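K.L.:
Residues per chain are reported as follows:
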Amino acid sequence: MALKTEPVMINFGPQHPSTHGVFRMRVTFDGEVIVELEPVFGYLHRGIEKLAEAKTYTQVIPYTDRLDYLASMSNNFAYVLAVEKLAEIEVPERAQYLRVIMAELMRIASHLMAVGAFFNDLGAFFTPFMYMFREREKILDLFEMVCGQRLTYNYMRIGGVSHDIPERFLPALMRFIDEMPGFIEEYDWLLAENEIVLARTKGVGVLPADKAINASISGPMLRASGVKWDIRRADPYSVYDRFDFETPVGLRGDTYDRYWVRIQEMRQSTHIVKQAMQQLPAGEVRSKVPATLRPPKGEAYAHIESPRGELGFYLVSDNSPRPYRFKVRAPSLINLTVLRDLCLGWKLADAIAILGSIDIVLAEVDR
Amino acid sequence: MTEPLSPSEIAKQIGEHIPDAVTDSDENAVFVRSEALFDVARFLKQNLDLDYLSAITAVDFLEHFEVVYQLTSIEHNHSVVLKTRCGKDEKMPSVVSLWQGADLQERDIFDLMGIAFSGHPNLKRIFLWDGFKGHPLRKDWSKDGAQD
Chain A
2 MALKTEPVMI NFGPQHPSTH GVFRMRVTFD GEVIVELEPV FGYLHRGIEK LAEAKTYTQV
62 IPYTDRLDYL ASMSNNFAYV LAVEKLAEIE VPERAQYLRV IMAELMRIAS HLMAVGAFFN
122 DLGAFFTPFM YMFREREKIL DLFEMVCGQR LTYNYMRIGG VSHDIPERFL PALMRFIDEM
182 PGFIEEYDWL LAENEIVLAR TKGVGVLPAD KAINASISGP MLRASGVKWD IRRADPYSVY
242 DRFDFETPVG LRGDTYDRYW VRIQEMRQST HIVKQAMQQL PAGEVRSKVP ATLRPPKGEA
302 YAHIESPRGE LGFYLVSDNS PRPYRFKVRA PSLINLTVLR DLCLGWKLAD AIAILGSIDI
362 VLAEVDR
Chain B
295 MTEPLSPSEI AKQIGEHIPD AVTDSDENAV FVRSEALFDV ARFLKQNLDL DYLSAITAVD
355 FLEHFEVVYQ LTSIEHNHSV VLKTRCGKDE KMPSVVSLWQ GADLQERDIF DLMGIAFSGH
415 PNLKRIFLWD GFKGHPLRKD WSKDGAQD
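So the protein sequences, as listed, match chains A and B. Numbered by this note's numbering, the letters in the first sequence go through residues 2 to 368 in order. Numbered by this note's numbering, the letters in the second sequence go through residues 295 to 442 in order.
FYI, nobody ran anything at the bench for these hints, they're computed from the structure. Relax, there's no trap hidden among the hints.
List time: in silico DSS-like cross-link candidates among lysine-lysine, alpha-carbon distance up to 30 Å:
(1) A:K86 / A:K289
(2) A:K298 / B:K306
(3) A:K86 / B:K339
(4) B:K382 / A:K56
(5) A:K51 / B:K433
(6) B:K339 / B:K306
(7) B:K339 / B:K418
(8) B:K437 / A:K56
(9) A:K298 / B:K437
(10) A:K298 / A:K51
(11) A:K348 / A:K5
(12) A:K51 / B:K385
Just so we're clear, the structure is a prediction, and the values are computed from it rather than from any experiment.
The shape of chain A in the complex, shown without the other chains (with noise of 0.2 Å):
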């Protein structure tokens, strides 16, 4: 007698550890293989984006604290990076160098997390997480230095940043510099050829280079798939042409790839932090900017290389003091695109991995 079988439809979250938020993936499963997956957002949704239009231009720069998280710095910077084009400003050279050593620090410590939390998604709880948290609080306790916050900085200013850094600060960075790539080292010592590591990630979630280009993919999830492109290289904002560093490509687009190149790019952000610190020049580190600012009609984008990928910022102004119309263009959500296709025949336990692999932030992926 033949069995009668169906799918079966599991809801998975919205409160789910492995989901890093409230995100839900409505899965459905043929025995233990997946056969449809439909993501499910919005459970963080603020309205962000008309939040914004109710705020003067410098009010709006800790509402970008809150997009991403885990790299406010790096929000705050492509934010002000919008306005001061829809503006015209000028930044003092010496607040372009301390936005790029912190831009950069801010992407160490987010891909910490992201590798942390990718572990722990695989069942290796808490150790790799913890190794990770360690130097993660010395880059928190250098921000707390500069700008007396851990996690919603609120920084950087349109024309500058808020504050020089102390006297202590550069001396502590140096000790940090010195020792972050031994402790690279010691990850790809724990992790990197950890047997049950490979097998778990090793040719799971496959995306070629040209479905990622066609998904609009960004950042280290598009690099892994072996496509060279990098915001920084490819249309450098700031002072980032003044720095020697590479862009760590992956070979298959594997999960274990989107990992290995997270790695490597700290090593260059290590890199890139050391030459800002070399240059670093003395002066202002604010320019004048009017109290109310009004920037003239128009429009601006600007878009940085953020941790999680293309982070973009479309102002229009009115020749008001608030924004006219404020969106971002959020790479955790876009990236989610290919989340069904990546997951499809793979099992439950591949999904996880898969969708810690990408490394979303649900504040920026729903706003």
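For this one, chain A is given, so just place chain B on it according to the hints.
P.N.:
Here is chain B on its own, set in the frame of chain A:
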């Protein structure tokens, strides 16, 4: 640097292949009619290798919407900005069949700005719940009566 291609030059090239599609061009962007948008987008993708759709943005200008498409070529590192005006009750053609990356962005616009995209494979609200009244990013939206 990503090189922005001259909008007037692009407008001329489009005009040679798809007559009456371009309405205007300024220093940043090429303006096209919304009905011709899909054909223009396909032309640009095939002839100028604009294989990467960076972002789609919709702006409410009270009498009409403006939809902005930022296109980039990863191979040649150049970019084009396409703009379309769309009436308040008009539908836009979906570009998902050209760039899969438009999928969630068009749903985002549909949900918050209320512009429908014909030909989108799964056009439904993305952040707000079904039954939510109105589209919050419209300038005439008011929160009174919006809670379901």
